[in-house]
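A.B. asks: Below are the chains, spelled out letter by letter.
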Amino acid sequence: MKDTDKVSYPLYDSFKDKLKPKRSQAQIALSQVDIFSKLSWQEIKIVENAVHIRNYAPGEPIFKQGDPGSGMYIIIEGCVGIFLDIPHQAPKQLSKLGASDFFGEIALLDASPRTAAATAIENSTIIGFYRPDLMDILKTKPALGAKILIALSEVLAVRLRGTNVELVKLERKLESLMTAEDHE
Amino acid sequence: MSNSDPVQIAPQSLRLFHQSLFKTLVYFFLLILVLAGAYKAIPLVIDALFLIVIAAIMTAVFNPTVDRMESSGIRRSYGTMLVFGGIFTVVGMGIVKGIPALLNEVGRIKDVIQQNAATDSLDSIMTDINLKIAQYVPGFQLDPDLISSMSAQFFGQLGSILAGALDTVATIMFILIITMFFLIDGKRMTKSLIGMVPNQYFEMSLNITYKTKKQLTNFLKGQLLAALGVAIQSIIGLNLLNWIFDANISGVVLIGSIAGMANMIPFIGPFMGMVPAIIVSLFNNLGDPVAATNFYYIIHIIVMFLIVQLIDNNVISPIVVSGSMEMHPLTVILLILIGSQIGVLGMFLAVPAWGISKVIIQEVYQGLKGHHLI
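So the protein sequences, as listed, match chains Y and P. Note that the working numbering numbers the first sequence so that position 48 is 48, with each residue one more than the last. Note that the working numbering numbers the second sequence so that position 212 is 212, with each residue one more than the last.
Hints listed in this document are in silico derivations from the structure and should not be mistaken for laboratory results. All C-beta atoms in this analysis are idealised placements derived from N, C-alpha and C, irrespective of residue type, glycine included. Be a bit skeptical, because a hint or two may be false.
Restraint-style ranges between C-beta atoms, simulated for each label pair [to be verified]: (1) Y:40 / P:23: 33 to 41 Å; (2) P:372 / Y:59: 14 to 22 Å; (3) P:195 / Y:166: 36 to 44 Å; (4) Y:165 / P:195: 38 to 46 Å; (5) P:360 / Y:49: 38 to 46 Å; (6) P:369 / Y:49: 30 to 38 Å; (7) P:357 / Y:171: 54 to 62 Å; (8) P:369 / Y:175: 40 to 48 Å.
Please model the complete structure; the sequences and the hints are all you need to start from.
C.D. replies: And the structure:
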């Protein structure tokens, strides 16, 4: 049977629409982030209650380089630039992030200073998930907190593996360059 | 007609001047109204703030228990109800069983003091004490009316505290209701309040709030545990003195509780805790001919409290009290002097209040410094 041949039942359809769970923009954005992607909608709702939704104007800093890191950010809508401050030079843009992208997740585990600055490029709505929020979840919902921590560890492990591969490549390149130099 | 025409400009600027004058006057009257309202409202606001601060302190004390219940799957609201059920049970049992016994004991001691004051027994005690002191420190004499004046003052204040406590049942109920709301919805309230902070200071404010809350909870938990420790040790110690040396100290639970509470005041508190025990034993042993000639039971009490302090300072406090509360003795004396302007309660609250303010100031300063704002 073709789709067009389907009989519509207005009463049933409206009832089905009403029963369909309504997801907020924040919930959808959270579900698309690796760290929260394995959580159930109920758990995502708990995370949503813990996070902070902030609005930034174009050019407004989200955090500055050197600020103590205190959490991660998830972009619901808008655009954010990651900049590296170089002394006596204009800040160098490292990347441009859009909706559903996230940044600063290492700060959830470590309070060391931010290595780069984040600035809103256009009007942006951003979710802030900070260490105190994670600690609070760990204290009141330990099972959910553990799930988030495991997912965060997985993200960091994947990144570490990638860095190791890059390091090995660079070492090999360096070795070959040194051998070539010795031959010369 | 051009704008530069002086005939036209003059009335326009006059109208503008009138408009701005009218606006200024309106703002001025509004400001006076606001100031007058604020002046009238300040006492009300201070009263409300006092209730909120006490409720916040109580929330900091009970929040870890509610959090623990929530982590084991009990809903936050049910956890709060359970905690309040526990509080009401303990307080209710205390009122039903403890208050009549406590009032009896206070009344009995007061009667003993009044009777002995009337029969000049106090004078004979002071003469004996002064004779003993003269053996060791020649020329040093205590004021003969010292005990009677001190005890009258002490029991007078104790009576007023009890009477005041009974009068403020409604206030206590208000505080409990606010605490209940803070425990159930405190996180949402804090989130809404922090949500109002501008983006520039948001991360910093969140960190400061979190750290201050954590430090405050640790500080209060530590203080209460240390006080409880001292109270229990004092009760055991006083019972041991009664049992081994027949020290004849009555109202042991009351004296132990006072010693526990007084322990929250550094340096001076432990001595304040000793005083009621010494006074009670002194008056309970008035008719005893052996006790009248030597005062070893007072030395026993002092030694017992010193042992309690030794255990508290070296075992309990290092474990339960946060190290951030180090204070200079002079600061403590000044704080107690300032607190004494409000009364006995002020003396008790001055040091913990300063401790809490110190934690908040430290966290705000470190937060501002960390974010390069100062």
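A.B. asks: Hints broken by the structure, by number, lowest first?
C.D. replies: Of the numbered hints given earlier, those the structure breaks are 1 and 5, listed in rising order.
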